[in-house]
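Asker: Throw the hints in and build the complete structure from the sequences for me.
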Amino acid sequence: MAPGDHTLVSHLKSDPANAPLGPQDKAMIDFSLKLTHEPSSVSEKDIYGLGEAGFTEEQIVDIVLITCLFNFMDRLADGLGVELSEEMQRLVEQNANLGKMKQSLPCWKQLVRVRRWVSSVRYASSICCKLQLDGFVDFVVAH
Amino acid sequence: MSWVKEITEKQATSHLAEVYAEVLCTPLGGRRLPSIPNIMQCMSLRPQALRSVWQWNAAITFGASTLGRAREEMIATAVSALNRCHY
Numbered sequence: 158m159a160p161g162d163h164t165l166v167s168h169l170k171s172d173p174a175n176a177p178l179g180p181q182d183k184a185m186i187d188f189s190l191k192l193t194h195e196p197s198s199v200s201e202k203d204i205y206g207l208g209e210a211g212f213t214e215e216q217i218v219d220i221v222l223i224t225c226l227f228n229f230m231d232r233l234a235d236g237l238g239v240e241l242s243e244e245m246q247r248l249v250e251q252n253a254n255l256g257k258m259k260q261s262l263p264c265w266k267q268l269v270r271v272r273r274w275v276s277s278v279r280y281a282s283s284i285c286c287k288l289q290l291d292g293f294v295d296f297v298v299a300h
Numbered sequence: 167m168s169w170v171k172e173i174t175e176k177q178a179t180s181h182l183a184e185v186y187a188e189v190l191c192t193p194l195g196g197r198r199l200p201s202i203p204n205i206m207q208c209m210s211l212r213p214q215a216l217r218s219v220w221q222w223n224a225a226i227t228f229g230a231s232t233l234g235r236a237r238e239e240m241i242a243t244a245v246s247a248l249n250r251c252h253y
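Protein chains in written order, with the working numbering: chain C, 158 to 300; chain B, 167 to 253.
There is no bait here: all hints are sound.
Some chain B residues close to chain C (C-beta under 7 Å, calculated; not the full set): (1) ASN204; (2) THR232; (3) THR243; (4) LEU248.
A short list of chain C residues far from chain B (calculated; beta carbon distances all over 12 Å): (5) SER198; (6) SER200; (7) GLU201; (8) ASP203; (9) ILE204; (10) GLY206; (11) GLU250.
The set of hints was computed from the structure by calculation and includes no laboratory data.
Small disclaimer: the values here were computed from a predicted structure and weren't measured.
Beta carbons: idealized from backbone N, C-alpha and C, even for Gly.
Answerer: Take a look at the structure:
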């Protein structure tokens, strides 16, 4: 997961079992979900599977520890009715807004590509055509 | 904050004050927390438990595990989503 990958974060939040992950991350998340959902169903075969996916034994212990920690934290928060502090709430909202902005970036990237393409066409065009394209470029950038 | 009595950083004395100082002095991912998180303060009536949970947390999150920060966050997000945790 790339830092600040808000699309993947929202996918993990809404449908963790089907988040678009690479094979190694998928093996890790499937295991964490299994350990969370039905701990007694986990067997040695699952640990072997994590090894096959490329995780070392130290990493497998960490996967189990982190899964346990967040199951603990979730139950602690739910059990005692812990609320996010105003400061944390603000951070979460800021992060969510940043996520929305980042999700809209591909659209801007496309516009930048269009602008580059237009620039190359403009270079090869006559002055008359250039003047018209300048108007088009301004329109694309403005919108 | 929560449904039980909590002792804030300003009110804390003796053992709890020491534990809070430890929480605020521990660098997480190179940064120190500006205040005691609610998820820790909710255990203020049981300082030793608070300390143990804090040390457990600091040992395997914010990039301290062998998995790296991104994978730690992925597990945290997936687990909390499955648990439908409001926090």
